[in-house]
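If you want the building blocks of each chain, they are given just below.
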Amino acid sequence: MAGDEQLTAPAPSADRQVPVSGGPLDRRAPTEPGSTYTGGRVSTEDLATADVTDGVLFKIRDLEVYFPIHQSFVKSLVAPEKKYVKAVDHVSFDVRQGEILALVGESGCGKTTTGRAMLRLEDATGGHIYYKELPVERFSQKTLREYRKKAQIIFQDPYNSINPKQTIFDIVAEPLEVNGLVATEREKEERVVRAINEAGLRPAEEYLYRYPHELSGGQRQRVCIAGATVLDPDVIVADEPVASLDVSIRNDILKLMVEQKEKLGVTYVFITHDLSLAWVISDRIAVMYLGRIVEIGDTEEVVSNPKHPYTKALISVIPVPDPLAKHEHVILSGETPNPVDLPSGCRFHPRCPEAIDACSEIEPTDVHIGGTHYAACIRLT
Amino acid sequence: MSATATPAPAKTEERIEHKGLLEVRGLCTYFKLSQGWVHAVEDVSFTIEKGESLGLAGESGCGKTTAALSILKLLPENGRIVSGDILFDGRNLTKRTEYGMSKIRWKEISMIFQGAMNALNPVQETGKQVAEPIMLHEGLSEAKALDRARELFELVGINPKRVMDYPHQLSGGMRQRAMIAMALACNPKLVIGDEPTTALDVMVQAQILDLIARLRRELDLSFILISHDLSVMAETCDKGVIMYAGRVVESGTTEHLFRDARHPYTRQLIRAFPNIHERREMVSSIKGDPPNLLEPPPGCRFAPRCDERIAGCDEVDPAAVEVTPGHFVSCHLFKEAT
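First to last, the sequence lines map onto chains A and U. Reading the first sequence from the start, the letters are residues 5 to 385 in our numbering. Reading the second sequence from the start, the letters are residues 6 to 343 in our numbering.
Hints may contain errors.
[Said to hold, decoys possible] Below, in silico cross-link-like pairs of lysine-lysine (DSBU-like), each with a Cα-Cα straight-line distance of 30 Å or less:
no.	chain 1	residue 1	chain 2	residue 2
1	A	K79	U	K100
2	U	K100	U	K78
3	U	K292	A	K267
4	A	K87	U	K166
5	A	K330	A	K154
6	U	K37	A	K169
7	U	K37	U	K78
8	A	K192	A	K267
9	U	K166	U	K24
10	U	K112	U	K133
11	A	K87	A	K153
12	U	K149	U	K112
13	U	K78	A	K330
14	U	K292	U	K340
15	A	K316	A	K267
16	U	K194	U	K55
17	U	K55	U	K112
18	A	K259	U	K292
19	A	K146	A	K330
20	U	K37	U	K55
21	U	K55	A	K265
[Stated by the list, open to error] If you want the footprint, here are the derived chain U segments under chain A, 3+ residues with CB under 8 Å:
no.	region
22	21-29
23	197-208
24	226-240
Don't read these hints as lab results, they were simulated from the structure. Only a predicted model underlies this, so the values are computations on that prediction, with no experimental measurement involved. Note that CB positions come from ideal geometry on N, CA and C, so glycine has one too.
With these hints in hand, go ahead and build the complete structure from the sequences.
Spelled out as structure tokens, the structure:
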């Protein structure tokens with residue numbers, strides 16, 4: 005992440021209209037310092053000629069995704085103030101080309117919404133996402149279609165995310181067909197077979213004409229990965245890709261992700277609730293809590309030298325396969341508060357074991373710990 | 006249930022001598038399918054003492070849940086305990102009738118089911134669901150049973166005011182706490198937790214495991230933890246049983262299992278879990294797939310996937326050998342300690 009960028013920004017007033025991305029209410033300036041892009045809509049030519057600068061594939065700046073809460077008509081008369089679920093609230097980070105960046109946090113921390121916003125599967129209500137310096141929120145429909153060939157997603161549940169009535173061949177070939185990427189049947193088959201092989205289903209010919217129900221959970225997840233890599237994407241957002249798999253199969257899929265990063269140069273955004281898995285495969289970790297990144301940095305550095313009290317607690321409670329390991333568990337009481345009425349000051353302060361009085365008043369900004377390591381806690385300043 | 010709520014065995018039943026509070030001896034549980042019998046649990050034995058916690062671990066399909074359901078005789082209709090004995094507090098549960106079991110279930114052995122989201126009735130108040138076994142087993146009125154439910158809520162860390170909340174009004178962690186309250190409703194001696202923290206966030210998992218540990222100490226409970234997660238077992242249990250394809254491959258104290266694992270399967274399985282306090286390395290996976298239990302392979306069931314296979318592994322079933330006192334391994338590589 006860029007050194008001068010802050011993780012946080014002043015809280016917006018709650019009564020502000022939430023604009024739709026790129027719509028008439030969008031209050032965002034089309035460009036911002038740091039982006040070389042100037043102009044209106046991003047065309048497909050812009051996307052085709054765009055290139056990675058300084059090894060940074062994505063720049064996420066001040067990203068904000070709010071979901072309005074629908075109130076009954078009567079309630080809206082009594083209390084006209086509109087409320088929002090602040091799923092992602094001013095998040096900034098970079099994704100470097102060819103890295104595995106892990107977004108880690110408990111359910112409701114906004115990690116999935118962040119990942120989806122990067123592919124514009126959710127519209128951001130504020131902030132910017134730059135893909136190769138191009139603002140994703142300004143992509144035209146046509147550009148977006150091109151963009152999604154380059155940016156793919158894998159979902160958690162391989163049982164429900166593929167069509168049970170299609171053969172493996174059809175599932176993997178579909179992205180090629182809808183995008184009109186192959187001219188001949190022969191080329192299509194070649195690419196499908198290659199993707200299936202790369203996903204570790206070998207020999208691919210043996211799987212082509214099977215149906216999903218004939219495969220195990222791990223094999224299905226491999227099919228999902230093949231469906232994503234068949235388009236030669238730059239980046240894959242993997243949303244809890246191993247959460248529903250058995251340990252041994254889970255590790256196979258993790259290895260596959262590392263292998264594809266190394267051999268195919270695919271960048272992965274690995275969304276997971278399990279910090280120990282993030283530790284095993286990722287290059288960098290961003291720890292999220294209630295819509296904010298509280299700590300980000302190189303994986304080894306964050307895990308061995310955590311600075312934010314939340315990260316410290318999270319690491320301390322990870323079970324380890326050693327009954328004699330004596331490390332103290334910092335068990336936080338209660339649960340993550342709801343992201344509608346956020347605590348004042350630092351949103352972690354009501355559960356923080358190290359909180360001081362000032363924590364309920366001052367919003368923390370990120371503090372540079374060293375290298376690429378930042379943490380957002382006022383006690384670190 | 007009437008006034009005879011004491012756990013003393015029925016008069017007609019003779020007290021059987023056995024080890025520990027619960028002793029499972031040579032348990033075989035099969036499921037009938039149209040294609041034949043699935044040998045889900047084969048010759049499984051373990052013992053649990055009073056106040057002890059035992060982990061039953063293995064990958065999905067290894068028979069750990071089936072073994073637990075056999076103890077309570079809650080098997081699905083096509084499941085059958087084919088042979089073996091389940092001896093609990095002087096009684097043989099395998100010989101018990103359904104009526105006889107109904108007096109043991111919940112009163113003496115209870116269970117925390119997997120998936121707190123689905124195990125509760127969505128259209129009944131949570132507190133009433135906790136109160137139901139109390140009314141049934143102790144013959145209390147609903148009002149008194151609900152009072153007891155409030156006490157239980159307090160015990161497991163839920164605000165007693167929420168006793169009339171429906172499950173959907175509770176968070177995942179609170180629902181799991183309610184499930185624990187329900188399991189404790191009739192002061193059982195033994196609680197079986199079937200993946201009690203799977204699908205919970207790590208912090209909530211830590212809270213629940215902490216709660217279970219506290220309750221075990223306070224109530225002197227015996228606890229069987231069924232889990233696929235060896236790390237959770239390492240942190241919560243005194244003893245462990247590692248299962249593979251319906252059989253016990255290794256058992257002993259958790260120290261035996263994690264510091265001195267002998268069976269190739271146990272060793273590979275442990276390496277599959279990352280240890281965040283150690284040096285970072287890629288976790289390993291076990292090649293191949295578990296066998297089809299309709300026709301289990303002859304000899305050691307792990308032999309087809311085992312790197313250390315020797316002659317005879319795929320022919321002769323390995324017997325359990327005691328490598329150090331209390332540490333049993335079923336593998337041809339090991340001989341009885343002399």
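List of violated hint numbers, smallest to largest: 1, 5, 9, 11, 13, 15, 19, 20, 21, 22
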